[in-house]
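*Asks:* One line per chain: the protein sequences are D and Z, in this order. Residue numbers are given in the numbering used here: position 228 of the first sequence equals residue 228, and the series is strictly consecutive. Residue numbers are given in the numbering used here: position 86 of the second sequence equals residue 86, and the series is strictly consecutive.
Any given hint could turn out to be false.
[Stated by the list, open to error] Think about it this way: if two alpha-carbon atoms lie no more than 30 Å apart in a straight line, the pair counts; the simulated BS3-like pairs of lysine-lysine are:
1. Z:K223 to D:K47
2. Z:K7 to D:K92
3. D:K15 to Z:K129
4. D:K26 to Z:K133
5. Z:K161 to D:K158
6. D:K217 to D:K194
7. D:K23 to Z:K131
[What the hints assert, rightly or not] Between beta-carbon pairs, the in silico distance windows are:
8. D:G71 to Z:K254: 45 to 55 Å
9. Z:L258 to D:D281: 52 to 62 Å
10. Z:N242 to D:E257: 43 to 53 Å
11. D:G71 to Z:P251: 40 to 50 Å
12. Z:K192 to D:D281: 51 to 61 Å
Keep in mind the hints are simulated off the structure, nothing from the lab. Glycine included, every Cβ here is placed at the ideal spot set by N, Cα and C.
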Amino acid sequence: MNNLEKKFQRDEFIKVIYNAAKKNKKIYFLSADFGAPALDNFRHNLKEQFLHLGICEQNMIDFACGMALEGAKVYAYAMAPFLALRCLEQHKTATCLMNANVCSIVTGIGLSYANSGPTHYSTEDFACLRSLSNCIIYTASDPDTAKLIAKKTLKLSKPVFVRLDRKASNNLTSKVTTKDINAGYRYLKKSSKKKLLIISQGTIIERALIALRAIGKNYTSAIDVIDLIQAKPFPKNLKNILKKYSRIMTIDEQTSEGSLGSLIKENISHYAKLECLSLPDKFIFENLGREKLLDDNGLSVTIISKKIIKILY
Amino acid sequence: MKFSLYKKKAYEIRKDLFEKFYLLNEGHPGSVFSILDVLIVLYYGGFVRLKNNRPVDDVIMSKGHATVGQYPILKDLKIIKSKEWNNWGKKKSILKMFGNNYIPGIKTATGSLGHGIGFATGIGYFSKKNKIKKNVYAIISEGELYEGSTWEALLLFADLKLANVTIILDVNNNIILGDPKECLGLGDIKKKFESFGIFTKVCDAHNFKNLDTEFRKLNKIRKPKCLIVNSIKGKGFKIMENKTHSHYWSPISKDRYLKSLEELRKEYE
Numbered sequence: 001m002n003n004l005e006k007k008f009q010r011d012e013f014i015k016v017i018y019n020a021a022k023k024n025k026k027i028y029f030l031s032a033d034f035g036a037p038a039l040d041n042f043r044h045n046l047k048e049q050f051l052h053l054g055i056c057e058q059n060m061i062d063f064a065c066g067m068a069l070e071g072a073k074v075y076a077y078a079m080a081p082f083l084a085l086r087c088l089e090q091h092k093t094a095t096c097l098m099n100a101n102v103c104s105i106v107t108g109i110g111l112s113y114a115n116s117g118p119t120h121y122s123t124e125d126f127a128c129l130r131s132l133s134n135c136i137i138y139t140a141s142d143p144d145t146a147k148l149i150a151k152k153t154l155k156l157s158k159p160v161f162v163r164l165d166r167k168a169s170n171n172l173t174s175k176v177t178t179k180d181i182n183a184g185y186r187y188l189k190k191s192s193k194k195k196l197l198i199i200s201q202g203t204i205i206e207r208a209l210i211a212l213r214a215i216g217k218n219y220t221s222a223i224d225v226i227d228l229i230q231a232k233p234f235p236k237n238l239k240n241i242l243k244k245y246s247r248i249m250t251i252d253e254q255t256s257e258g259s260l261g262s263l264i265k266e267n268i269s270h271y272a273k274l275e276c277l278s279l280p281d282k283f284i285f286e287n288l289g290r291e292k293l294l295d296d297n298g299l300s301v302t303i304i305s306k307k308i309i310k311i312l313y
Numbered sequence: 001m002k003f004s005l006y007k008k009k010a011y012e013i014r015k016d017l018f019e020k021f022y023l024l025n026e027g028h029p030g031s032v033f034s035i036l037d038v039l040i041v042l043y044y045g046g047f048v049r050l051k052n053n054r055p056v057d058d059v060i061m062s063k064g065h066a067t068v069g070q071y072p073i074l075k076d077l078k079i080i081k082s083k084e085w086n087n088w089g090k091k092k093s094i095l096k097m098f099g100n101n102y103i104p105g106i107k108t109a110t111g112s113l114g115h116g117i118g119f120a121t122g123i124g125y126f127s128k129k130n131k132i133k134k135n136v137y138a139i140i141s142e143g144e145l146y147e148g149s150t151w152e153a154l155l156l157f158a159d160l161k162l163a164n165v166t167i168i169l170d171v172n173n174n175i176i177l178g179d180p181k182e183c184l185g186l187g188d189i190k191k192k193f194e195s196f197g198i199f200t201k202v203c204d205a206h207n208f209k210n211l212d213t214e215f216r217k218l219n220k221i222r223k224p225k226c227l228i229v230n231s232i233k234g235k236g237f238k239i240m241e242n243k244t245h246s247h248y249w250s251p252i253s254k255d256r257y258l259k260s261l262e263e264l265r266k267e268y269e
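Start from the sequences and build out the full structure, keeping to the hints where you can.
*Replies:* Now the structure itself:
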């Protein structure tokens with residue numbers, strides 16, 4: 001697959017909502033001054049169902065909640081650091097507490113907005129959002145996953161957060177299915193020996209797959225890889241699956257506190273050797289591009305490979 | 001006839017609430033009693049219409065600590081069961097010091113300030129788009145003018161030109177630490193609202209005739225509107241009136257309690 005076939009998660013997501021909104025006039029799309037090529041269709045063809053609210057994430061969520069209480073299905077769209085944290089209290093008091101039918105599309109997670117610096121990085125949104133009660137949290141690792149998550153959100157009528165990457169990417173080799181979305185996770189690699197489970201979410205999972213290819217089959221034949229699609233509520237079946245592994249590694253493009261590593265620790269009740277890879281607990285200022293920033297901050301393919309070998313032996 | 005009903009209800013409901021605050025030994029009486037007469041006019045004046053024991057029109061109590069002022073009215077209108085009112089303060093009671101949308105007749109969860117206008121704008125906008133005949137009354141306090149989200153919401157409210165939403169701004173010149181003027185002056189509030197394009201009137205929060213007339217007039221105004229009501233914090237009780245400390249219930253002796261009820265009775269005789 002070449003670069004021309006790369007797709008943006010947000011476009012895949014919005015196209016699904018656009019098609020649904022053409023038939024369902026109770027679907028509304030709100031943007032806090034944030035666009036996407038696919039959103040242009042929505043803006044031009046469904047003017048009555050689209051509102052550009054200005055740069056006001058707090059009011060966008062309260063307004064969305066008011067609409068939802070009357071029977072609307074509302075999608076609220078903005079850049080990840082602002083839609084997650086700027087209006088965190090609105091998510092709590094408005095959408096989650098009142099069980100409002102609002103889906104927040106949190107776009108540009110992790111270091112997506114390199115080299116914009118810490119104000120634009122979204123490296124703590126997962127910890128903040130998952131601390132809220134009564135919500136569902138999805139993370140897309142590729143464009144097709146974003147598309148199927150969008151379809152799933154149309155069937156839900158409660159607070160949902162969908163975490164999307166900024167970059168265009170190819171689909172992962174293992175094709176995602178509706179069954180995977182319903183389960184909340186999918187195996188990207190499955191063995192019978194089950195010596196080590198690598199669990200990750202979002203596009204950072206690509207690095208785990210590259211690392212496994214680099215290490216070679218001799219090492220990796222007993223390693224499984226899971227893409228966590230729905231982090232909250234934590235998939236019940238996944239709790240049982242975790243029990244089968246004595247070695248577990250998490251990889252997350254978030255700072256460590258409250259990240260995927262914390263989530264897995266909360267959900268294992270047996271003794272297991274655990275290695276949690278994440279970004280360091282610091283603000284990152286260097287202008288090096290996202291890939292180099294990940295390399296320099298503990299999430300390089302080399303580091304991941306070394307950690308895999310270390311935990312295996 | 002109508003005005004004597006307002007007066008009768010104002011007395012009975014004040015008494016009910018005061019007795020409950022005394023019994024529970026907690027609450028926000030000052031803010032509740034400052035807005036209570038406005039609630040009386042909204043609910044008993046036909047501004048909040050009822051259908052099948054459910055409100056057709058919404059009252060969003062953005063100053064959430066005053067939501068309890070709605071409970072005895074909703075009980076009287078048979079929207080909240082008497083059993084729930086009697087259970088208030090017990091473990092399984094649905095009634096709380098701050099409201100939420102699980103309570104019959106209470107539309108939104110409030111308590112954190114600065115959300116009400118945003119909620120009301122969303123409700124009003126969807127109702128307008130879907131041709132649902134509904135009026136929304138968002139009651140905010142002057143203290144909420146310190147919240148940035150209030151101003152974000154005002155911008156949108158005015159821009160959408162919603163005529164089915166009325167903001168009621170309760171000005172009792174008291175926030176928890178005293179007079180707002182001694183904290184951070186709010187300036188000419190009416191002028192500020194008007195500068196957004198919001199039709200704004202000012203009224204006495206305890207004059208039933210004025211309130212009734214203003215709400216009737218405002219219902220005919222087809223643009224975003226606000227009624228600023230100048231109120232007395234703790235209205236009806238000498239131990240609380242215009243007193244900053246009345247924001248929270250302060251324990252009182254049985255004698256003081258009985259004396260307060262007697263003073264209230266005389267005022268409404």
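*Asks:* Against this structure, judge whether each hint is valid.
*Replies:* Going down the list of hints, with the structure as the test:
1. Simply put, Z:K223 and D:K47 have alpha-carbon atoms about 22 Å apart, close enough for the 30 Å limit, and the pair holds.
2. Using a Cα cut-off of 30 Å, the hinted pair Z:K7 and D:K92 is violated, with the two alpha carbons roughly 39 Å apart.
3. For the hint pairing D:K15 with Z:K129, the CA-to-CA distance comes to about 23 Å; that is within 30 Å, so the pair holds.
4. About 17 Å separates the Cα atoms of D:K26 and Z:K133, which keeps this hinted pair within 30 Å; it holds.
5. Between Z:K161 and D:K158, the direct Cα distance comes to roughly 29 Å. Compliance with the 30 Å bound is thereby established for this hinted pair.
6. Restraint check for D:K217 and D:K194: satisfied, since their Cα atoms lie roughly 14 Å apart, inside the 30 Å limit.
7. Proximity of D:K23 to Z:K131 is assessed by CA-CA distance (about 19 Å); at most 30 Å being required, the pair is judged to hold.
8. Separated by about 50 Å at the C-beta atoms, D:G71 and Z:K254 satisfy the suggested range of 45 to 55 Å.
9. Separation of Z:L258 from D:D281 is about 60 Å and conforms to the stated range, judged on CB atoms against 52 to 62 Å.
10. Taking the beta carbon of each, Z:N242 and D:E257 are about 47 Å apart, inside 43 to 53 Å as hinted.
11. The given range of 40 to 50 Å is respected by D:G71 and Z:P251, whose C-beta atoms sit roughly 45 Å from each other.
12. Taken as a hint, the range 51 to 61 Å is violated for the pair Z:K192 and D:D281, whose Cβ atoms sit roughly 43 Å apart.
Violation of the numbered hints given earlier is confined to hints 2, 12; the remaining hints are satisfied by the structure.
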